[in-house]
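Participant: Residue-level listing of the chains:
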Amino acid sequence: MVFANLSEKLQGAMKKLRGKGKVSQRDVKEVMREVKMALLEADVNFKVVKDFVKRVEEKAVGEEVLSSLTPGQQVVKIVQQELTALMGSEREDLNLTGEIPVVMLVGLQGAGKTTATAKLGNYLRKNGKKPLLVAADVYRPAAIDQLETLGKQTGIEVFSLGTKTTPRDICRGALSKARREGFEPVIIDTAGRLHINEEMMEELKDLKQAINPGEILLVADSMTGQDAVNLAESFNRDLGLTGVVLTKMDGDARGGAALSIKAVTSAPIKFVGVGEKADALEPFHPDRLASRILGMGDVLGLIEKSEASYDREQAKKMEQKLREASFTFDDFLEQLHQVREMGPLEDIIGMLPGMGNKKMLKNLQVDEKQLVYTEAIINSMTRKERQNPDIIDGSRRRRIALGSGTSSQEVNRLLKQFKEMKKMMKRFQKSGKSSMMKNPFPF
Amino acid sequence: MSILDKLKSGLAKTRQGIWKNTVGLFKGKVDEDFFEELEELLIQGDVGIKTTMELIEELKEIQGEKKLEGEELFTEFKNLLAGFLQSAPVELEKDQLNILLIVGVNGSGKTTSLAKLAHYFHEEKYAPLIVAGDTFRAAAIDQLKVWGERLNLPVIAQDPGSDPAAVCFDAREAALARGKNLLLVDTAGRLHTEKNLMEELKKIKRVLSKEESNLKTLLVLDATNGQNALEQARIFNESLTIDGIILTKLDGTAKGGIVFPLARELNLPVYKLGLGEGMEDLKPFDPTLFVEQLLGED
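Respectively, the protein sequence lines represent chains R and U. The working numbering applies: residue 1 is where the first sequence begins, and numbers increase by one. The working numbering applies: residue 1001 is where the second sequence begins, and numbers increase by one.
There may be inaccurate statements among the hints.
Chain R regions said to be covered by chain U (calculated; three or more residues, Cβ under 8 Å) [unchecked claim]: (1) 31-43; (2) 100-110; (3) 129-143; (4) 190-197; (5) 221-232.
DSS-like, lysine-lysine: derived pairs with alpha carbons at most 27 Å apart [to be verified]: (6) K1066(U) / K1078(U); (7) K1029(U) / K50(R); (8) K1202(U) / K369(R); (9) K1020(U) / K1094(U); (10) K1027(U) / K47(R).
Read the hints as simulated data drawn from the structure, not as lab findings. This structure is a prediction, so every number in the text was calculated from the model and none was measured. Beta carbons are placed, not taken as given, at the ideal position from N, Cα and C, and that holds for glycine.
Take the sequences, apply the hints, and build the full model.
Facilitator: Structure, rendered in structure tokens:
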């Protein structure tokens, strides 16, 4: 998980304070030194770290805190507050006003602009918009093909005029098409450029003037080091950024860039890229992330995630089935799919309070595989067997094991689990806790 | 432009700021504050905490023994830095099949670096064949084909979505059949944390090394990445054994300090530096020159 490292270190430092009945100035200083090191190792900008530590120390050593009943907790709270403030306290949405709202994506080479353009289009369409993607990167070989391919994959319209036209003309053309055909917003993919390349930065300024975008988003790699601040500052100075998209957050980036960029540009992080697929873009919630970093979990995020991938109609049907105890392996499979749609298990568990710890997550990749096996086993059953697992005898079991590439023991284990589950449901039913049945999973 | 000049102009922006301040620091008094400031500067230079601390300790020792200051201490410091580093022993020979396998995370600059390498070795009278091993990313194959046209070099590609290991196997056969002596293999970008994708790379390497050839695995790292680059290098190296690093995007304001922990903590040598967008802007890495330029005067 992103931030796992930082999270682990910060939690370690905080632990020293939490239970303490008495906290001295020296305790705070010592812990803050650890916090400082943890932040620096996470590539948070040096100056940002210094300010942060200073602010926390000032607040923490105030009389009120140290003489309170739970001084340790108080300091932890201050750290959380300041961490949240660093990333911007509240979620800020896209500004999509104006006759034709325009979102322009800018950034260094390789930050992930083209992918982010397609993902953003996909996200907005899911939210009821009719976006138009614009291929204005005329420099990188096949950048236009890439956006067009992504457009085809997601079924979103892409506007391009080849590489012989200037970005300015391409964007103008896109705007008039949008006006004619009712597209909005217009999302522009620009060529990657170094922030110190004056000529290329001029081109962006020129583009900004020509099309007046309501949103100029900096696409930045979450793995960026101490330089994050420089590049964000330059882009901000030249263009006036309205927000940031942080990419490649699905790695083990320590996330320092996320903490630094907002602090120096005051442009809020609006989205984060969390995978290679078109829907792997998530709105960013600073407060939730701060609490995740400190191991306090992100229950709100978890609920939203499950709601997004959970079909209400289906859930109702499922509940009905559970009530009648007619739950079959077919239904089980369906539920399995829904859980998997929520994203990697690793991410989901990282959102549970107290589970953000890296060590606890070490063996999870194996568990993900377990789901795949389970699915394979069910897929190898005949329809009859899925409806009525009791008919599965030794020979059927062997066939299923063979078909799914597992062993008879594994098939047995699943059958047993399924039986247990049904039993459990019956018990729930008796005690009338029907609402608990919505997710009757052993994990 | 000579390598030295290019290095100088390419690192011009990198030299500004923290490295310039480091040079300036050595002109002042050497006391506790001096070491503290040096520590801050090195951390800001992406040298990383661990290597910075060790560097400071060693410098303190040298300083304590010999009571050095100013220019003399600065020279010791530069020697200390250069002493960490080594250039990668990637040697090619024309009378055999050489294979360069290019790997790295998404967006680090694999395809562009590959094109530059192809150009360089073409000039050196090698007969390169380029393989589009990135069958995953949209239009990655097209991107490589455009490069092939620009460089007037053959590109072997199959359809998007095909098995990269199979593509590589075929390409290897093709290289031998066509009498090429350099196979440049592009691969799909992947985050080092994706275990399955790392396994895929291992398979590609296995396929390529089935029969004897001079196979070198090169990891492309984005110099603007911070300490995460170290994590990338560690895991790629564990999976594949990396022969050399190509450090890209050093012509921006990237700090470049990451080469020190790479050498010190992982013992990974640098092969080339990416210093600009031009075809000629991929330069060999020389430890002494690099340190001289990083900590040189304008």
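Participant: Each hint should be assessed against the structure and marked as holding or not.
Facilitator: Each hint, compared with the structure:
Under a criterion of three residues with beta carbons nearer than 8 Å to beta carbons of chain U, the stated coverage of the segment 31-43 of chain R is upheld, 5 such residues being counted. Counting residues of the segment 100-110 of chain R whose C-beta sits closer than 8 Å to any C-beta of chain U gives 3, which meets the bar of three, so the coverage hint holds. With a threshold of 8 Å between beta carbons, the proposed coverage of the segment 129-143 of chain R by chain U holds, since 4 of its residues qualify and at least three are required. Beta-carbon proximity to chain U at under 8 Å applies to 3 residues in the segment 190-197 of chain R; the threshold of 3 is reached and the given coverage holds.
Counting residues of the segment 221-232 of chain R whose C-beta sits closer than 8 Å to any C-beta of chain U gives 9, which meets the bar of three, so the coverage hint holds. Among the hinted pairs, K1066(U) with K1078(U) is consistent with the structure: their alpha-carbon atoms are about 16 Å apart, no more than 27 Å. Of the supplied pair hints, the one linking K1029(U) and K50(R) holds, its CA atoms being roughly 24 Å apart against a limit of 27 Å. In summary, the hint linking K1202(U) to K369(R) is supported, as the alpha carbons are separated by about 20 Å, within the 27 Å threshold.
Taken as a hint, the K1020(U) and K1094(U) pair is broken in the structure, with Cα atoms around 42 Å apart against an allowance of 27 Å. Proposed proximity of K1027(U) and K47(R) is supported: the alpha carbons are some 23 Å apart, at most 27 Å.
When held up to the earlier numbered hints, the structure conflicts with hint 9 and nothing else.
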